[in-house]
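Participant: Using the hints provided, position chain B relative to the given structure of chain A.
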Amino acid sequence: MPVVMDADRVGRSLMRIAHEILERNRGAENLALVGIRARGVPLAERLAANLKVAGGPDVPTGSLDITLYRDDLMRHQVGPQPILRRTEIPFSIDDCTILLVDDVLYTGRTIRAALDALIDFGRPKSIQLVVLVDRGHRELPIRADYVGRNVPTSRQQSVQVRLMEIDGRDGVEVDEAEEAS
Amino acid sequence: MTAATRLQSRHLLSIADLEPAEIDLILDTAVAMKEIGTRTIKKVPALRGRTVVNLFFEASTRTRLSFELAEKRLSADTMGITAAGSSVTKGETLADTARTLEAMSPDIIVIRHAASGAPHLLSTICRAGIVNAGDGMHEHPTQALLDALTMRERKGRLAGLKVAIVGDLLHSRVLRSNALLLTKMGAEVRACGPPTLIPLGLTALGVHVTTSLDEAVKDVDVVMMLRVQRERMHGMFLPSVREYFTLFGLTPARLERAASDVIVMHPGPMNRGVEIDSAVADGPWSVILDQVANGVAVRMAVLYLLAGEELS
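Protein chains in written order, with the numbering used here: chain A, 1 to 181; chain B, 1001 to 1312.
Excised from the complex, chain A in its bound form (with noise of 0.2 Å):
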């Protein structure tokens, strides 16, 4: 299973990200980051640390989970529906810029979900999207702002992100099994 990022490429450019956005948004007034589970949440829990380390302030850090906002969610005949975590995001996201983090960016219909879930719960100022990995096979005009690494893929591969908290180690891995994103 070759591995396209080992974990210190993954703590690199997590801090890379981290200036970045600090960079972008002229400190970071108004921030909040929102992690989309499961693999989001560590990320963005990760990147408020860098943030402090690289001079930010402390930024509010919620957790979304987008699946009641699938759009396969009913279109499958027979089936379990897919499990359903908790969505917690302790603060208000009016005029906030709101930092929306995942692990891997594919169709980019978790993201259309997520974009959806958001706005229910306010009006942002502006949201920008952050991913460890940017994998291509757009099927929606969606784009991240913020990318750890691209990893050019073909459909049939699958990318898998491991991260200490869940997974008990870092790393991004490419498999040449069935696509399961």
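Honestly, the hints are just simulated from the structure, not real lab data. Ideal Cβ positions, reconstructed from N, Cα and C, are used throughout, including at glycine. Hints are supplied without guarantee of correctness; some may be wrong.
Pairs of lysine-lysine, BS3-like flavour, derived with a Cα cap of 27 Å [said to hold, decoys possible]: (1) A:125 x B:1042; (2) B:1218 x B:1162; (3) B:1072 x B:1043; (4) B:1034 x B:1184; (5) B:1034 x B:1162; (6) B:1043 x A:125.
Which stretches of chain B does chain A cover? Using the computed rule of at least three CB atoms under 8 Å from a CB of chain A, they are [stated by the list, open to error]: (7) 1021-1034; (8) 1041-1052; (9) 1116-1127.
Facilitator: This is chain B only, laid out in the frame that chain A set:
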């Protein structure tokens, strides 16, 4: 116990049909659903374009409203039929009502009926998923699930809890669903009521039966009061309301025998001064309003999970 990722049936007819892992799945999903009720926009698009029919053949306010709210928060299209003012009063049978509804192809039918087994009958006729919202003296599964969610929230667990269920045991579908659920999840259940209102075979549910309220509430973590269903009594089960309150009414003095952090539950509607003293209903022990809020979340969870199990 491995975690369930789906329900095995596309109907929710009784707690008896559910595995402990399925109960956990419903409760965990309900916890996530509860957050939606705290938002400014209390609506998600999960059941958009799905049709849910609420078929209430028996008087109900909170269960009907709770289901309606759950359906609306999930963006389902809902229709309500109550016995009064429908074709039922014109003599139509339940089976014919079901077939008529079936022709309108609803996705889920929520039914309350005075006859035990009515939801089961519907499930044999309709292609829609059936949710039992209370059938006669049989079961009221979503009530037991919302009670379990409330207990789990307050006590952090179900296994090992001591729960006293007090009141009209004979007519209570709430008792049956709760006893089944709680014993499945490893809680200890005591049922207490007047001898005329204790059904035969209650101990077969794995509950301890007593006619002494003091014995029932001793050291319990939860006291669940059942409503005295005067509409089902016809004057033959109880000598008087005052005697009932003296022997089985829950007062602050009675509660002193329970655990110090005991919680008091009631499925509603309450008869103050009959089964429960106002000082208890409005006191620090009461989680009765939590039950109402949890009812919406549990019903959202059930509708969401069942909607994934439909026939092609």
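Participant: Do the alpha carbons of residue 125 of chain A and residue 1042 of chain B lie within 27 Å of each other, as the hint requires?
Facilitator: Distance ~21 Å between residue 125 of chain A and residue 1042 of chain B Cα, so the pair holds.
Participant: Please verify the coverage claim for the region 1041-1052 of chain B: does it have three or more residues whose C-beta sits within 8 Å of some C-beta in chain A?
Facilitator: holds (count 9)
Participant: In terms of beta carbon proximity below 8 Å, does the region 1116-1127 of chain B have 3 or more residues touching chain A?
Facilitator: violated (count 0)
Participant: Against the 27 Å threshold, does the CA-CA distance of residue 1034 of chain B and residue 1162 of chain B hold or violate the hint?
Facilitator: holds (26 Å)
Participant: Given as covered by chain A, does the region 1021-1034 of chain B meet the bar of three residues or more with CB within less than 8 Å?
Facilitator: Holds, because 6 residues of the region 1021-1034 of chain B bring their Cβ atoms closer than 8 Å to Cβ atoms of chain A.
Participant: Do the alpha carbons of residue 1034 of chain B and residue 1184 of chain B lie within 27 Å of each other, as the hint requires?
Facilitator: holds (24 Å)
Participant: Does the structure keep residue 1218 of chain B and residue 1162 of chain B at a Cα separation of 27 Å or less?
Facilitator: The hint holds at about 9 Å.
Participant: What's the verdict on residue 1043 of chain B and residue 125 of chain A, does the C-alpha distance respect the 27 Å limit or exceed it?
Facilitator: holds (22 Å)
Participant: Would the pair residue 1072 of chain B and residue 1043 of chain B pass a check requiring their Cα atoms to be no farther apart than 27 Å?
Facilitator: holds (7 Å)
Checked against the numbered hints listed earlier, the structure breaks hint 9 alone; every other hint is satisfied.
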